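Engineer: Residues per chain are reported as follows:
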Amino acid sequence: MRAAILMKQFALALLMWLGCQNLSLAQGLPDAAVRQQLIEAVLAEGEDQPEKIEALAETGSGMVAAVLAQWRAGNLLVDASPDGAKVLFTREGIDAVRLDTGVKFSPLAPREVETTSKTRKAIKNALDLIAVASPDPELRSAAIGKLGMTRNTDYLPMLEARQVKESDPGVRKALVEAISVMQLADEDDVVCIAAVRKLGEMRSIPSLDLLKGMITSEDESEAAKAEAAKSVALIESYLKKVEAAGTVFRGLSAGSVLLVVALGLAITFGLMGVINMAHGEMMAVGAYTTYMVQNIFGGGLTLSLFGFGAHVPGMNLTGAAYQSYFIWAVPASFLMAALVGIALERGVIRFLYKRPLESLLATWGISLILQQLFRLVFGPNNVQVSSPSYLSGSFVIHDVVLGYNRVFVIGFAIAIVFVTWLLLTKTSLGLFIRAVMQNRMMASCMGVRTERVNMLTFGFGSGLAGLGGAFLSQLGNVGPNLGQSYIVDSFMTVVVGGVGNLIGTICSAIGIGTVDQTLQSVTDPSMGKIITLSTIILFLLLRPGGLFPTRTRSLEG
Amino acid sequence: MSSQVILAAEGVNKAFDGFKAINDLNFYLDEGELRTVIGPNGAGKSTFLDLITGRTRLDSGKITFGTGVGEEITSKKEYEIYRMGIGRKFQTPSVFTEHTVFDNILLGLKGHRGVFHTLFAKLSSEDSDRIEDVLKIVGLFGKRNDQAGSLAHGQKQWLEIGMLLAQDAKLLLVDEPAAGMTDEETHKTGELLLSLAGKHSIIVIEHDMVFVRQIAKKVTVLHQGHVLCEGTVDDVQNDPEVRSVYLGRGKH
Amino acid sequence: MRKPENLIMMIGALLLLVLLPCLNAYGPPDSALHVSDYTINLWGKYLCYGILAISVNLLWGYTGLLSLGQCLFFSLGGYALGMHLMLKIGKLGQYYQAGNNPLEMPDFMVFMGFPELPAHWVPFHSFGFSVLMVFVVPGVVAFLFGWLAFRSRIKGVYFSILTQALTYAASLMFFQNKFTFGGNNGLTDFKTMLGANLNDADVRRYLYIATVLLLIAVVALVKWLLGTKFGKVQKAIRDSENRVLFSGYATTSFKLFIFVLCALIAGAAGALYVPQVGIINPSEMTTDKSLEAVVWVAVGGRATLLGPVYGAIFVNALKSWATTAYPDYWYIILGGLFVLAVLFAPNGIAGLPQQIKDIAVGWKRRNASSIEPGATPA
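Protein chains in written order, with the working numbering: chain A, 1 to 557; chain B, 1 to 252; chain C, 1 to 378.
To be clear, the hints were calculated from the coordinates, so they are not data collected in a lab. Note that the structure is predicted; figures quoted are calculated from it, not measured. Any given hint might turn out to be false.
[As the list claims (entries may be wrong)] Only pairs whose alpha carbons sit at most 16 Å apart, straight line, appear in this in silico EDC-like list of lysine to aspartate or glutamate:
1. C:K191 - C:E104
2. A:K354 - C:D239
3. B:K110 - B:D127
4. B:K77 - C:E241
5. C:K88 - C:E104
6. C:K178 - A:D524
7. B:K136 - B:D103
8. B:K218 - B:D234
9. A:K118 - A:D48
[Unchecked claim] Computed footprint of chain C on chain B; a stretch qualifies when at least three of its residues, placed anywhere within it, have a C-beta under 8 Å from a C-beta of chain C:
10. 177 to 188
11. 194 to 203
12. 212 to 226
All C-beta atoms, glycine included, are put in the ideal place defined by N, C-alpha and C.
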């Protein structure tokens, strides 16, 4: 159900977008004639205006669609020229563009072209029909779907005509679906039942409510009702699968954020043995860096600290250049969090390597300070991080909506795991890291600069948290307390995976993230969290070593 | 002297991540015997003590303790094994550094060890006498009110041996007692151990061959988790296999 | 060596128990000698925190178990008594007086649409039962959790992380409306306890005195405990748990005993805190609160008898002042204080005199050596 609504909204948004885009595109049709027809339809008065408007659809012109969309938005105006003739024009930002010539001009006494409910309906129908003829198959499918849902049988012949010449399989499916939906209202019971069966076979989610309505309707025959019940059962079980897949997908993406963050913690905690309670704040550093980069690419932002306002100028970029901000924000988040991490290591943690409990307490103090700094600098409320256009769309596979942002996060998490693995196992730095973590003293005797390795390792772990923060900004809220909600989860993830075992961390992050999300959508968010946490606590109480306990002889005295 | 077996390890195996630390070990100790165990590094000496004291669990085989039939100890907890009368001195001296020397011995003193008993236990005059006796034996009476952490390495070793004495254990497991001691201290340690033999059964792990010669009647050589040979010090030192294990490795 | 500590304790007890309440009750209202009702109430709160801090210290300072769950036990005790106080509002509740609450349920239940008083609330009509629960609930939770944790040999930071998770899970639970404990808002708007008006200055003074008495009892208990053989075993566990295990002590039982005892102490402190502060809600059991209690101990002096009490009073007084004077910077001050305490004053306020003495001795030595010709710099 949710998927269907999402799909509709998505289609609508795309339609609007296309309307705007096409305005600036030159059309290959006999332009003047189309414009004339358009003007006549707009200025027509009386009963036949709706018909004239709907007839515009036959032009199939993108320009017409754009003007109609503008009309609907209240941007089509009329100006009385000095000679008394009415001049129609559209508002394009601050410009006024004449409808008859497509040229800019300065109107004298403009007023909006009024619409009645009848004309609005006609405009909408015309837009739908134009969309059905759109060159983009996805838009065609969406428009056809919408037409089907109107259940207006007047469109039936047009759709059937399209079915003959349509070649795109996706659109053909949409056509079959729309036609079947319309046929549900057919007088002939045979046609109706066939349509019901067809919809069931297609697992048509949009028609679920219609079919449900048929079961209880008094106008339908018993045979039709029985068939409808069958189809409803089929669609509902399909819908469950779709929803389950969607949940798992969202869980996977949430798990991926957790994975990146926990991987960072697995390095600082698992390998180095440092309890960094400010790890969550490293995430927030990453998320706020993303926010900063976004604003620097845009209009700049004003920060306040200790009562002073500091204005960071923006580059005022627009379009693709602005959209590219996220590509820069990702490495910037990593670097910024890594730098903060290194400062933390140099300033506090290096004095506490042999006292894990004390490092827990000192870093908690740091986390309080950082949180309050975020609050002071960026304000106590969540800040807005927009998704760049290339991350805000989605794939739809078998009715499962896969948001680009989530797909991106999953893909990037996999890449990060891979890079981390390469770094730890294939580079000399990785060799040093592992050497120092196993035996600081020995490594130092062998000439490894342990101080430097500690610093870099900690910086790397913190940087990973920063990356997690950058990803999270695409999925959730960015606020001063962002880290707090992740810190318990990430510690649990590392411990469940088995401390010091990166593979274990990966497994447990994906597992916990997915289960957590699933439970949160099955029950409610905080109940899901409670169940997950309690299960983890119980698991750890019974198996303190986690999934993959590390067996060593290091206790040997 | 009685010749009843007090500790028997039969077919014992223990592996750490594929590395066989103990490999089909068979070992018998008579009551009142003082046995010295030697072997190169990684031969499984300390692991063997870990298995006896319950610090690590064996993979297969069994270890029994007690004369006659003997009681299986392989599934018992550390403190249960201790309460059966097995005490251990660790390789690196492990005493309670924040406690006084006196309190260290007090904690090791034989007696009830339950939570409520410790809450309401009063220090009887017999107990203090016993503690003072032990302190005199190990030569730490003058330092009884000092913090154990402030003792020298050798003194910590003595203190730990003192804790074993206070426990009055039937079986003493002594891991490298002479490490960090002067020759004189080493010799005194040897005399102490010899004086304890008979009343107690003792297993000593040691590297220092001078010390071994001083105390050992019977020596067991461990190699790769297995008993290589057993016998007197001279037997063992003339054994060609033992020579190849020690000297052969040394030549590389 | 022990003498000055005993003296401080006696003087402190006298001050808190006799002088402050007397000045509150009999001091002429306008004179400098008068102690206001507000101050008495504030100190009642500080001392409840002091008791909580002692429980944290008994675990962390003397047994080496850094529990981040002490606030949970504190809150559980508070909730147990709070439930009783809630039911005692009875006919004074707003909904009852508006005629919407014939069952005399707590107001929030009417507001949240509960049809009737949930069964587990019913016994809390009895004061005796509620007081029993102040100890039973934290005790049972601590026993179950501790038994599982210690049996599995969870220690060090793992114990801290797990108690933190436990507290976090519990706070999420209490935030839920359907958990029947008032959700976000918790339990508040109490009117009477044992028939006495909780807003009355005399009653508040008695509650304050009860808090001081509990504090004295807890300090005495800890002092006695540390003197027994149990105390020696306990400290030995902190320093070398394995050695204790190999000395024949079942460390699990010792740790479990002390963990449950500390939960009971924290629960009792929570129960005295609630009627004085007038509210208990889930924000009292967040992990941050538990860590704050650890700050008190660290600042006051870990592993010292009275350090935690000093710390709780000092940090909370600082908080009272800073949250009004510099509301934006309080967390920065708190965090900074903590980092500094951990890095530079491991023995806290209680250890400060000794630390200063050590530094002074070091200075003298350095100066003395620099007088000698050719002395190498330290």
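Engineer: Which of the listed hints are broken here?
Structural biologist: 10, 11 and 12
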